[in-house]
Amino acid sequence: MALRVLFVDDEEELVSTVTERLDLRGIDATGAVSGEEALILIEQKPFDVVVLDVRMPGLGGLNVIKRIKQSHPELEVILLSGHGAKEDVETGLRLGAFDYLQKPVDLENIIAILHRAAARGRA
Amino acid sequence: MPASPSIDPLDPTEVEAARPYLAGPGAARLRRTVVLATAAVSIVPLVIISFLYYDQYERSLRTETVEGVSRQVTNNKRALEFFLTERRSALSFIVRDRSFTELCDVERLSRLMKHMNDTFALGSFADLGLIDADGKQLCYTGPYDLKGRDYHDQEWFYRVSRRGVFISDAFLGYRHSPHFAIATRQERGSGGYYILRATINAEVLAEQILAAGLTPDDDVFLVNKDGVLQSPSRRYGAVLKNVPIRIPHATGDVHVVEQEDEQRRPVVIGCAQVGDSPFVLVYIKPHVRPQSAGLSLPRLLLFLLVSIAFILGVILWGSRQFVASLRAHNLKRAELMHKVEYANKLATIGRLAAGVAHEINNPLAIINEKAGLLRDIVDLEGEFPRRDKVLGIVESIMGSVGRCRKVTHRLLGFARHMDVGSETIAVEELLREVVSFLGKEAEYRNVTITVEAEPGVPNVESDRGQLQQVFLNILNNAEAAVRDGGRIDIRVRSAGERRVAVSIADDGIGIPKENLDRIFEPFFTTREGSGTGLGLSITYGMVQKLGGEITVESEAGKGTCFTVILPVRRG
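Residue numbers (my numbering), protein chains in the order written: chain A, 1 to 123; chain B, 124 to 694.
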């Protein structure tokens with residue numbers, strides 16, 4: 001079964017491009033452009049891994065991870081951070097994030113870390 | 124990209140405004156004010172008190188002298204009056220007690236005189252005689268041959284005949300020796316009268332009554348109403364001479380005046396009329412001036428001059444210390460304020476850089492992903508015309524994104540390092556990062572900057588932001604000093620076991636020898652108008668704070684080499 005990934009970032013262009021590229025590589029990628037949308041999608045559809053931008057307007061990444069871990073503790077979350085958001089990353093990791101990636105990220109790196117996260121989720 | 128963080132943030136006009144408080148005319152004016160104010164409050168009271176003391180001292184000396192003279196005159200007057208009264212009483216008693224016949228017996232008269240002289244405590248009669256109403260001496264006992272002498276034409280005889288008792292002025296008489304007479308008249312039962320007369324040697328009187336307790340500088344004598352000496356005087360000589368000074372008018376009371384003597388020397392003169400006699404007692408004492416008592420005006424002035432010189436010396440020394448410490452304090456304060464302002468400015472630049480970089484990062488990520496997607500699609504499509512060309516364009520886009528990413532990464536790195544802290548730093552890497560800030564400017568001016576590190580140089584534990592600033596300041600100076608086409612060589616090496624040395628050498632204009640010792644001083648600049656003169660002093664302060672050292676070697680026209688030595692571990 002293909003890896004089910006939810007990619008959350010407020011940059012719509014980035015979300016659509018990354019999900020399309022992941023799809024091309026056989027990963028079942030869904031995009032969301034806000035925290036609120038991500039939480040709705042999680043309730044509607046099962047995912048193996050969520051890639052979550054830390055800084056977003058509205059419901060920020062840290063609030064989203066808090067809620068995910070409350071409702072779906074088994075769901076692995078990978079944080080996506082900009083430069084200089086070291087403290088947010090540390091908070092996210094404490095809240096249960098699997099790992100983090102620093103923007104701008106290379107697609108191959110995303111895929112590698114997605115597989116590792118999924119492997120832990122299944123285990 | 125924001126401006127280089129090495130810019131000097133203090134406005135040169137602010138520095139100019141602060142300069143008067145730090146050195147030069149401002150400090151001199153402050154020092155002058157301090158010296159004048161302190162001198163005024165210490166020297167003026169000293170001078171006033173000294174002169175008041177001198178005046179008071181002079182007054183008390185004068186009072187003491189006047190009172191001393193008054194006392195002496197009173198005592199002498201009493202002694203003299205007692206002396207004269209005693210003798211007059213003795214003569215009156217004899218002349219009443221003895222009959223005329225008895226007094227005409229020379230032996231009896233001689234015995235009487237002897238008994239009287241034995242009884243008197245001081246002084247004695249020189250002779251004793253009985254004179255009839257015609258002025259003829261009927262009986263005489265004494266050292267001179269005066270029996271039968273006629274006195275009817277002498278003044279004393281005339282006076283005693285009229286008054287009954289009389290003390291005469293001093294006169295020479297038949298014996299040609301100064302003396303005065305005490306005479307008393309006695310009525311005879313048969314009518315007529317006779318006179319008992321005794322004489323006293325004037326010099327004996329002076330020696331035995333007046334000279335008692337006389338200090339060497341003082342003089343005491345008797346004069347008559349005409350100012351003729353009635354007793355010898357130390358100042359004015361023998362009896363019967365005229366006294367050359369004006370004697371104040373005397374009454375029965377003691378009268379003391381200050382005046383000048385015949386040689387215009389200040390003297391205190393006391394005088395009093397001796398009761399029932401023609402004598403005026405005069406006491407003369409030289410005026411005691413403060414100088415003769417050890418406190419002269421020149422001495423006082425010398426004391427004042429020495430005191431004032433000492434006080435001024437202390438004030439000058441103290442004011443120099445005060446102004447120097449104030450200056451040091453102000454410099455430190457200005458330096459601190461400058462540092463704070465500088466740090467704030469750097470933090471602002473850092474925040475700005477971070478904001479810009481962050482905003483650029485997002486579109487960069489999109490461009491990157493779009494290019495990646497394009498490559499994915501090309502890969503999936505298989506062969507098609509100009510496939511390689513498209514792949515080349517994609518690679519070029521992704522390459523450019525990579526370059527942009529490096530720039531934003533560097534900016535974000537710089538911003539992150541604004542926080543003060545301590546971390547492990549690879550010095551060579553840090554230097555390359557700093558050099559990259561200057562890269563473009565150096566490139567435009569064709570300046571070569573090389574960074575070389577000795578193998579095995581340890582990392583240092585230090586504050587990244589501060590170290591960046593230190594090297595930026597030095598490199599900025601080096602870049603300003605080199606000509607177009609010049610070079611700056613940076614070398615990193617181990618300095619002993621626990622230190623790392625970074626030398627930054629340029630082939631620029633160099634620093635003249637006379638300025639070399641001053642380049643780390645705050646506000647020292649050779650770039651009039653363009654520099655605040657704080658860059659290197661801040662650099663120096665930072666290196667010190669990081670536990671390191673900074674030295675400079677330079678030769679005018681050949682170049683300059685700054686060496687920063689950093690400890691591997693701080694503290």
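These are calculated hints, taken from the structure and not from any lab test.
A virtual CB, placed ideally from N, CA and C, is assigned to each residue, including glycine.
Keep in mind that a hint or two might mislead.
The list that follows gives simulated cross-link-like pairs (lysine to aspartate or glutamate, EDC-like), each with its CA atoms no further than 16 Å apart [said to hold, decoys possible]:
#1 B:LYS493 x A:ASP23
#2 B:LYS529 x B:ASP499
#3 B:LYS408 x B:ASP340
#4 B:LYS681 x B:ASP630
#5 B:LYS493 x A:GLU11
#6 B:LYS636 x B:ASP607
#7 B:LYS364 x B:ASP399
#8 B:LYS364 x B:ASP340
#9 B:LYS493 x A:GLU87
#10 B:LYS348 x B:GLU330
#11 B:LYS681 x B:GLU602
#12 B:LYS493 x A:GLU12
#13 B:LYS493 x A:ASP99
#14 B:LYS529 x A:ASP106
#15 B:LYS408 x B:GLU552
#16 B:LYS462 x B:ASP499
#17 A:LYS66 x A:ASP99
#18 A:LYS69 x A:GLU108
#19 B:LYS270 x B:ASP255
#20 B:LYS259 x B:ASP276
#21 B:LYS681 x B:GLU584
#22 B:LYS348 x B:ASP399
#23 B:LYS493 x A:GLU43
#24 B:LYS493 x A:GLU20
Short derived list, chain A residues pointing at chain B, Cβ under 7 Å [as the list claims (entries may be wrong)]:
#25 GLU12
#26 VAL18
#27 LEU39
#28 LEU107
#29 GLU108
We went through each hint and held it up to the structure:
1. B:LYS493 x A:ASP23: Holds: B:LYS493 and A:ASP23 sit about 14 Å apart, inside 16 Å.
2. B:LYS529 x B:ASP499: violated, 24 Å
3. B:LYS408 x B:ASP340: holds, 7 Å
4. B:LYS681 x B:ASP630: holds, 6 Å
5. B:LYS493 x A:GLU11: holds, 13 Å
6. B:LYS636 x B:ASP607: violated, 24 Å
7. B:LYS364 x B:ASP399: violated, 23 Å
8. B:LYS364 x B:ASP340: Outside the cut-off at roughly 20 Å; violated.
9. B:LYS493 x A:GLU87: violated, 30 Å
10. B:LYS348 x B:GLU330: violated, 22 Å
11. B:LYS681 x B:GLU602: Holds, at roughly 14 Å.
12. B:LYS493 x A:GLU12: holds, 12 Å
13. B:LYS493 x A:ASP99: Roughly 25 Å separates the two Cα atoms, so the pair is violated.
14. B:LYS529 x A:ASP106: holds, 14 Å
15. B:LYS408 x B:GLU552: Roughly 103 Å separates the two Cα atoms, so the pair is violated.
16. B:LYS462 x B:ASP499: violated, 53 Å
17. A:LYS66 x A:ASP99: OK: A:LYS66 and A:ASP99 at ~15 Å, within 16 Å.
18. A:LYS69 x A:GLU108: With a Cα-Cα distance of about 26 Å, the restraint between A:LYS69 and A:GLU108 is violated, given a limit of 16 Å.
19. B:LYS270 x B:ASP255: holds, 12 Å
20. B:LYS259 x B:ASP276: holds, 10 Å
21. B:LYS681 x B:GLU584: violated, 34 Å
22. B:LYS348 x B:ASP399: holds, 13 Å
23. B:LYS493 x A:GLU43: violated, 30 Å
24. B:LYS493 x A:GLU20: Within the cut-off at roughly 10 Å; holds.
25. GLU12: Violated, about 9 Å.
26. VAL18: Cβ of A:VAL18 sits 6 Å from chain B, so the hint holds.
27. LEU39: Cβ of A:LEU39 sits 23 Å from chain B, so the hint is violated.
28. LEU107: holds, 6 Å
29. GLU108: violated, 10 Å
Hints 2, 6, 7, 8, 9, 10, 13, 15, 16, 18, 21, 23, 25, 27 and 29, counting from the list given before, are not met by this structure.
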